[in-house]
Amino acid sequence: MGKTFSEKILGLKAGREVQAGDVVTVSPDYILSHDNSAAIIKEFQKLGIKNVKAPQKLVIILDHVVPASSEKYALNHKVIREFVVGQKIPNFFDVPNGICHQVFSENGFALPGKLILGADSHTTSYGAFGAFSAGIGRSEVASLWATDEIWLKVPETIKIEINGSLSPGVYAKDVILKIIGEEGADRANYKAVEFAGETVKSFSLASRLVLTNMAAEMGAKNGYCEPDEKTVQWLENRARNDFSEVVSDPDANYEAVLKYDISSLEPQVACPHTVDNVQSISEVEGTGFHQALIGTCTNGRLEDLELAAEILKGKKVHSQVRVLIIPASREEYIQALKKGIIEIFAEAGCIVLNPGCGPCLGAHQGILAPGEVALSTANRNFRGRMGSRDSEIYLASPATVAASSIEGKIADPRKFV
Amino acid sequence: MKKGRVWKYGDDVNTDVIFPGKYTYSVLEPEEMTRHALEDLDPDFAQKVKPGDVIVAGRNFGCGSSREQAATCLKYAGVQAVIARSFARIFFRNAINQGLPVLQSGDAVDSIENGEEIEVDFASGKIKAEKGVFAFSPFPESVLGILQEGGLIPYTRKKLEGNR
Ligand code: SF4
Chain A
6 MGKTFSEKIL
16 GLKAGREVQA
26 GDVVTVSPDY
36 ILSHDNSAAI
46 IKEFQKLGIK
56 NVKAPQKLVI
66 ILDHVVPASS
76 EKYALNHKVI
86 REFVVGQKIP
96 NFFDVPNGIC
106 HQVFSENGFA
116 LPGKLILGAD
126 SHTTSYGAFG
136 AFSAGIGRSE
146 VASLWATDEI
156 WLKVPETIKI
166 EINGSLSPGV
176 YAKDVILKII
186 GEEGADRANY
196 KAVEFAGETV
206 KSFSLASRLV
216 LTNMAAEMGA
226 KNGYCEPDEK
236 TVQWLENRAR
246 NDFSEVVSDP
256 DANYEAVLKY
266 DISSLEPQVA
276 CPHTVDNVQS
286 ISEVEGTGFH
296 QALIGTCTNG
306 RLEDLELAAE
316 ILKGKKVHSQ
326 VRVLIIPASR
336 EEYIQALKKG
346 IIEIFAEAGC
356 IVLNPGCGPC
366 LGAHQGILAP
376 GEVALSTANR
386 NFRGRMGSRD
396 SEIYLASPAT
406 VAASSIEGKI
416 ADPRKFV
Chain B
718 MKKGRVWKYG
728 DDVNTDVIFP
738 GKYTYSVLEP
748 EEMTRHALED
758 LDPDFAQKVK
768 PGDVIVAGRN
778 FGCGSSREQA
788 ATCLKYAGVQ
798 AVIARSFARI
808 FFRNAINQGL
818 PVLQSGDAVD
828 SIENGEEIEV
838 DFASGKIKAE
848 KGVFAFSPFP
858 ESVLGILQEG
868 GLIPYTRKKL
878 EGNR
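Read top to bottom, the protein sequences are chains A and B.
To convert a position in the first sequence, counted from 1, into this note's numbering, add 5.
To convert a position in the second sequence, counted from 1, into this note's numbering, add 717.
Since the hints were made in silico from the structure, they are not lab data.
Careful: at least some of the hints might be erroneous.
Here are the simulated lysine-lysine pairs, DSS-like style, with alpha carbons at most 27 Å apart [said to hold, decoys possible]:
#1 K58/A <-> K843/B
#2 K876/B <-> K18/A
#3 K843/B <-> K55/A
#4 K58/A <-> K875/B
#5 K51/A <-> K83/A
#6 K158/A <-> K767/B
#7 K843/B <-> K158/A
#8 K876/B <-> K55/A
#9 K875/B <-> K18/A
#10 K875/B <-> K93/A
#11 K876/B <-> K158/A
#12 K719/B <-> K93/A
#13 K47/A <-> K875/B
#14 K843/B <-> K51/A
#15 K77/A <-> K47/A
#16 K876/B <-> K51/A
#17 K47/A <-> K876/B
Modelling step: build the complete structure from the supplied sequences, incorporating the hints.
Here's what the structure looks like:
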């Protein structure tokens, strides 16, 4: 019987043959943390040792509240900067750089066949490059910093085969929302999800990232797309390290193989307050909202900004809505600037903010008041996430958010493309 | 082993309603964290919870963010255990790492009602409720040691000291 990607890579790391259900003790290639590094440092200091065991493995990226919006946040950042200097951590990205997952990828840490753990639930993202990457908590990161070791259970794997070509106005975001809506928020709990099929092969790395990023919203431990020429090309001049692809055997044992044909898929919208509360656009068209957000680690890349700009070009956003644009990283921002996309947004009446998480987690830059509704390209719409517990969040593709921003209510982007 | 009052909730109780994101980098002290526990799910909880109380919930408890405070704030509030049909992966790890027992038992969840008093017997792996006694699935060995030490940080500290 063949092995899945997850069984192979965790076996390689553990130095023995393993199968789903086994528990392994492994040492990761990289350990990500962000603004929560301040809290991790506090835990680390309780361990009674002075030095991080493998400082070159740590990647620390400030993104959640950047620049600091209050004294408390500023102090967190300061503590982190001092720790980085004191521990001689080479891979530190301060506030100008953007969202951790995008910055981590652009800087060539997300590589095929690597084991990456991060203090963020959307660490699943790096599976888009063929890595095994999973989110863990703060105590675990602190403990990893000290010991360079962690226990992991080898997950069972669900394979999702996606075939067919998308209609104009329908994108990777619609595909993953559809899947989460069908399968439910805990379908992949404790499990790995492999995304396969023609559609995934045809996707850019940016679009594959949408799938693996949102695998977290099905409860997945890790998401994965098999690396191909596109992956290798994308990594050229970026990869920090040698890498070799690890792929599933053709006769691997899957917990389930789910098949989706997305040829006739319509734009999808996740409605309040759970990501699996998904409707087709026709069911929610006309719903009013107050604030739109195009950005986040799910949909803030150049590909997304370009899509939104095509729709917004020469138009004005509706006077009753506020539209926030947040490029995922400085690199995406610069490219968008060079392409004139930022100018289109500004002309249309959007607010362009600095790269970072923005209001995605409800900490700053566009908090919702009670009774307000947001339409966002993010990955999560839990109650209260962007501000008041009496606000609501709808999730959709950048095209849907752009089209809706013009109409001032949820609109079908297919009219605009 | 002591009796605790049950706070019962539904499926998919997520980390944003357990401990809102806006507090994750600004609210750091145990007492203050306790005041925000379950704030966006049940504003009553933080005011009325007593040490030893038990949370009982449906599927996928703790889904969402990796924020460990979702476990910590419950621990600081004195919650003795969380019983659910299933737990989200990262929350499960975080809870263990904080020394907060997370117990899986669908039967217990079906039978136990909000507000009743139950007893959790960790030694025998049993939950004693009004409508019966329910067994919960035993912990994998990898996590037992961590729970016994009261969480991952004391566990790792001990291990590091042993290595010296
Ligand atoms: S953009 Fe949102 S989901 Fe992504 S890392 Fe930041 S807070 Fe988390």
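Handout entry: Given hint K158/A paired with K876/B - CA-CA distance at most 27 Å
Key = It holds: about 21 Å lies between the C-alpha atoms, which stays within 27 Å.
Handout entry: Hinted pair K843/B and K55/A, Cα distance within 27 Å
Key = 42 Å, violated
Handout entry: Satisfaction of hint between K51/A and K843/B, Cα-Cα up to 27 Å
Key = 33 Å, violated
Practice task
Mind checking the alpha carbons of K58/A and K843/B for me, to see if they're no more than 27 Å apart?
Solution key: Roughly 41 Å between the alpha carbons, so the hint for K58/A and K843/B is violated.
Exercise for the section: For the pair we were handed, K77/A and K47/A, check the Cα-Cα distance against 27 Å. Expected result: Cα-Cα ~15 Å, so holds.
Exercise for the section: Take a quick look at whether K158/A and K767/B sit within 27 Å of each other, Cα to Cα. Expected result: 34 Å, violated
Practice task
Given the hint that K51/A pairs with K83/A, test it: the Cα-Cα distance must not exceed 27 Å.
Solution key: 19 Å, holds
Problem - Hinted pair K876/B and K55/A, Cα distance within 27 Å - result: Judged against 27 Å, a Cα distance of about 15 Å means the pair holds.
Exercise for the section: Compare the distance between the alpha carbons of K843/B and K158/A with 27 Å, and conclude whether the hinted pair is satisfied. Expected result: 25 Å, holds
Handout entry: 27 Å limit on alpha-carbon distance, applied to hinted pair K875/B and K93/A
Key = 26 Å, holds
Practice task
Sort out whether K875/B lies within 27 Å of K58/A, counting only the CA atoms.
Solution key: Holds, at about 16 Å.
Problem - Pair hint outcome, K47/A versus K876/B [Cα-Cα no greater than 27 Å] - result: Holds: K47/A and K876/B sit about 19 Å apart, inside 27 Å.
Violation of the numbered hints given earlier is confined to hints 1, 3, 6, 12 and 14; the remaining hints are satisfied by the structure.
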